[in-house]
Amino acid sequence: MAYLELKNICKTYGKGSDATEVLSNINLKIEEGEFVAIVGFTGSGKTTLVNLINGLIEPTSGEVLFKGKPVVGTGHERGVIFQNYSLLPWLTVGQNVYMAVKEAFPHEKKSVLNQMVKDYVGMVNLLPAINKRPKELSGGMRQRVAVARALAMKPEMIIMDEPLGALDALTRGNLQDEILKIWGKEKRTALLITNDVDEGIYMADKIIPLRPGPKATLGPEFKIDIGRPRDKTELNDNPNYKMTRNAIIEYLMDIGNDRKSVTQKEYSLPDLDPKNFVELL
Amino acid sequence: MKESIALNRVARYVGSGVFIPIKSILTGQSGKEDFKNFLRKMLVPFASIVLFIGFWHLGAKTLYNIEAEYKITKALNEQGQAEADAVRACIASGAISCQPNTLPSPAQVWASFNTLLEDYYVIKANKQAFKEKTAVLNENRLAEGKAPITYTGRPSFVDQIFTSLKTVFAGFFLAMLIAVPIGIIIGLSKTLRSSFNWLIQIFKPVSPVVWLLLVFMIVKTLTKESNSDSAFIISFISVGLCSMWATLVNTAMGVSSVDKDYINVAKVLKLGPMQKIFKIILPSSLPLIFTGLRITLSVAWMVLIAIELLAQSPGLGSFVWEEFQNGAMDSNSKIIVAMFVIGLIGFLLDRIMLTVQNLISFNKND
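Chains A and B, in that order, are what the protein sequence lines are. One point on numbering: in numbering that gives the first Met the number 0, the residue at position 73 of the first sequence is 72, and numbering is uninterrupted. One point on numbering: in numbering that gives the first Met the number 0, the residue at position 17 of the second sequence is 16, and numbering is uninterrupted.
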């Protein structure tokens with residue numbers, strides 16, 4: 000039985016003639032302990048897919064099953080890291096993480112909770128900044144706080160919605176390593192949504208492209224046969240890496256080209272005759 | 000170094016850029032940039048104040064001359080040349096009985112201000128003497144369970160200022176207590192918002208005078224005794240009802256437009272409804288609530304004068320009205336003193352609210 004399963008998911012926004020079917024016939028199986036990446040174009044419905052999995056929205060038809068049971072709303076067992084960090088700006092780093100821990104473990108003593116907060120903030124190397132507000136932190140630091148907050152709830156599955164999209168390339172590289180290190184410690188199931196193919200290949204066991212919308216579906220699964228721990232510098236020499244990367248990019252580019260060549264919109268031009276200025280002069 | 004950091008923080012919170020150039024000149028760190036800042040922030044406003052007083056003086060003098068000429072001409076037409084000359088002499092001599100009654104000059108306003116100040120000291124001394132005289136008598140009365148005898152003389156100008164301030168703060172807190180909870184409830188529920196919108200829109204533009212009459216009717220029916228306290232109650236309730244609409248609308252707007260990201264966080268963390276309100280919605284909408292409170296305070300101070308005038312509460316409003324009824328030459332300048340005092344207090348109140356707002360708010364994308 001798959002850990003997370005999506006069966007024939009369809010999601011339509013709007014009603015009647017305004018209805019747009021964003022996702023159509025999505026089928027996905029994730030096993031326990033797997034790290035899956037979904038790559039796609041911007042606007043293909045990645046965030047809609049993520050919100051269906053973490054329970055913020057409901058599918059129009061189809062089922063989302065987590066450990067065999069249908070998903071109803073959000074839950075502490077599925078931790079989310081948002082694209083915009085979504086840290087509460089009026090709380091400090093420690094207070095943001097404490098809020099999550101308090102909700103996930105309401106019956107624990109205060110001292111235990113405080114220790115947990117310190118542990119997780121230390122895990123993302125932000126202990127010196129534990130009493131700072133988000134506005135005093137850089138983008139990379141804020142995202143690390145978001146990671147700490149999601150992990151502090153001890154979820155059974157981590158869902159990351161383009162977590163590193165708003166960062167520069169160098170910080171992105173650092174954070175990819177940190178997330179992999181943390182994931183490696185406890186081997187939780189993880190789902191990463193990204194628009195960077197290299198990031199997907201570097202971090203995941205399995206990478207699935209999401210075809211562009213409307214009526215987006217998932218493309219074929221590409222298994223990544225590169226041993227862990229992965230080294231960024233050696234990755235470029237790995238033949239498996241090159242093969243997988245080329246396959247995925249070719250697939251995505253084909254879809255992109257298809258999209259460009261086949262447009263079924265009809266434009267009707269107004270029925271006008273050009274004015275003859277010579278006559279008027 | 001530490002002092003300058005503290006001073007910078009104070010300046011930032013109080014919202015006044017005046018302190019920074021002064022500080023740098025005093026500590027001898029000024030460069031050309033700071034000197035220009037000093038000129039801009041201190042000298043130019045000061046010069047504009049001097050200019051304003053100059054124009055005022057000229058205007059008052061012109062009006063004085065026009066009024067004087069009118070008086071002399073009138074005397075000439077009605078009673079002949081001799082009378083006209085007598086009037087001219089009288090005006091020139093400066094006797095109070097025949098001064099033209101028009102816009103006072105800055106000098107006269109300053110003189111009236113000093114008069115009011117002296118009057119305050121006199122009344123203060125009177126009150127002190129009265130207290131000492133009746134101290135023993137009041138002790139006996141308290142022992143017997145009767146109310147003590149209080150000073151029932153005329154209140155001084157400063158007393159009236161304090162009465163006005165008390166009334167405005169009472170009204171402001173009443174407005175806050177009513178508007179903030181109702182605003183939160185309306186903001187949270189879309190159905191309530193659309194159903195109560197008409198009520199808010201109809202009552203918002205109602206004039207303070209009408210509120211006063213309504214409150215007067217209700218309070219008079221409820222409290223059958225007419226002691227001077229009822230004037231205070233009527234005043235502050237009217238002030239509160241007039242000024243609470245800004246806070247109500249802003250609170251509702253702030254609560255209903257919380258960033259969707261924070262709502263998602265509440266959902267993902269599975270916060271209960273009470274927790275969601277107090278931990279996420281309220282802190283997120285505090286800036287807008289404070290904007291509403293600031294507007295409420297300034298509206299409250301403005302309508303206070305009109306309401307006090309009509310409710311006969313012993314504050315600045317009734318002071319202005321009494322002086323106007325008096326019609327003496329002194330009264331006009333006293334009214335202008337009152338105008339400046341009212342304006343200054345309003346300015347100070349706004350600054351206090353701004354400082355509190357700066358202390359409490361956070362910047363999301365600093």
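No wet-lab data here; the hints were simulated from the structure. If you're wondering where the values come from, they're calculated on a predicted model, not measured in any experiment. We treat Cβ as the ideally placed atom computed from N, Cα and C, and that holds for glycine. You may find that some hints are simply not true.
Under the rule of at most 30 Å between Cα atoms (straight-line distance), these lysine-lysine pairs were calculated in the DSBU-like manner [what the hints assert, rightly or not]:
| # | chain 1 | residue 1 | chain 2 | residue 2 |
| --- | --- | --- | --- | --- |
| 1 | A | K117 | B | K132 |
| 2 | B | K165 | A | K134 |
| 3 | A | K14 | B | K73 |
Negatives, chain A to chain B, calculated, CB over 12 Å [stated by the list, open to error]:
| # | residue |
| --- | --- |
| 4 | Y2 |
| 5 | L64 |
| 6 | R77 |
| 7 | I80 |
| 8 | K101 |
| 9 | G183 |
| 10 | R210 |
| 11 | A246 |
| 12 | K264 |
Reference listing, derived: stretches of chain B covered by chain A, where coverage requires no fewer than 3 residues with Cβ under 8 Å from a Cβ of chain A [as the list claims (entries may be wrong)]:
| # | stretch |
| --- | --- |
| 13 | 263-270 |
| 14 | 292-301 |
Distance restraint between K165(B) and K134(A), which requires alpha-carbon spacing of 30 Å or less
With a Cα-Cα distance of about 39 Å, the restraint between K165(B) and K134(A) is violated, given a limit of 30 Å.
No chain B beta carbon within 12 Å of A246(A)'s
Non-interface label on A246(A) holds, nearest chain B Cβ at 35 Å vs cutoff 12 Å.
Would you assess whether L64(A), listed as outside the interface, keeps its beta-carbon beyond 12 Å of every beta-carbon in chain B?
Answer for L64(A): holds, closest chain B Cβ roughly 19 Å.
Would R77(A) pass as off the interface with chain B, using Cβ distances and a cut of 12 Å?
At roughly 8 Å from the nearest Cβ of chain B, R77(A) sits no farther out than 12 Å, so the non-interface label is violated.
Starting from K117(A), check that the Cα of K132(B) is at most 30 Å away, please.
Distance ~68 Å between K117(A) and K132(B) Cα, so the pair is violated.
Verify this label for me: K101(A) is non-interface relative to chain B, using a Cβ-Cβ cutoff of 12 Å.
Per Cβ check, K101(A) is inside 12 Å of chain B; nearest 9 Å; violated.
Are three or more residues of the stretch 263-270 of chain B within 8 Å, CB to CB, of chain A?
It holds, with 7 qualifying residues against the three required.
Does K264(A) clear chain B by more than 12 Å, comparing its Cβ with all Cβ atoms of that chain?
Its Cβ never comes within 12 Å of chain B, the nearest being 31 Å, so this holds.
Far enough from chain B: is every CB of that chain over 12 Å from the CB of I80(A)?
Per Cβ check, I80(A) is inside 12 Å of chain B; nearest 10 Å; violated.
Status of R210(A), Cβ more than 12 Å from any chain B Cβ:
Per Cβ check, R210(A) is outside 12 Å of chain B; nearest 26 Å; holds.
Can we confirm that no CB of chain B comes within 12 Å of the CB of G183(A)?
24 Å, holds
Decide, holds or violated, for the assertion that all CB atoms of chain B are farther than 12 Å from the CB of Y2(A).
The claim stands: Y2(A) keeps its Cβ more than 12 Å from every Cβ of chain B (closest is about 19 Å).
Checked against the numbered hints listed earlier, the structure breaks hints 1, 2, 3, 6, 7, 8, 14; every other hint is satisfied.
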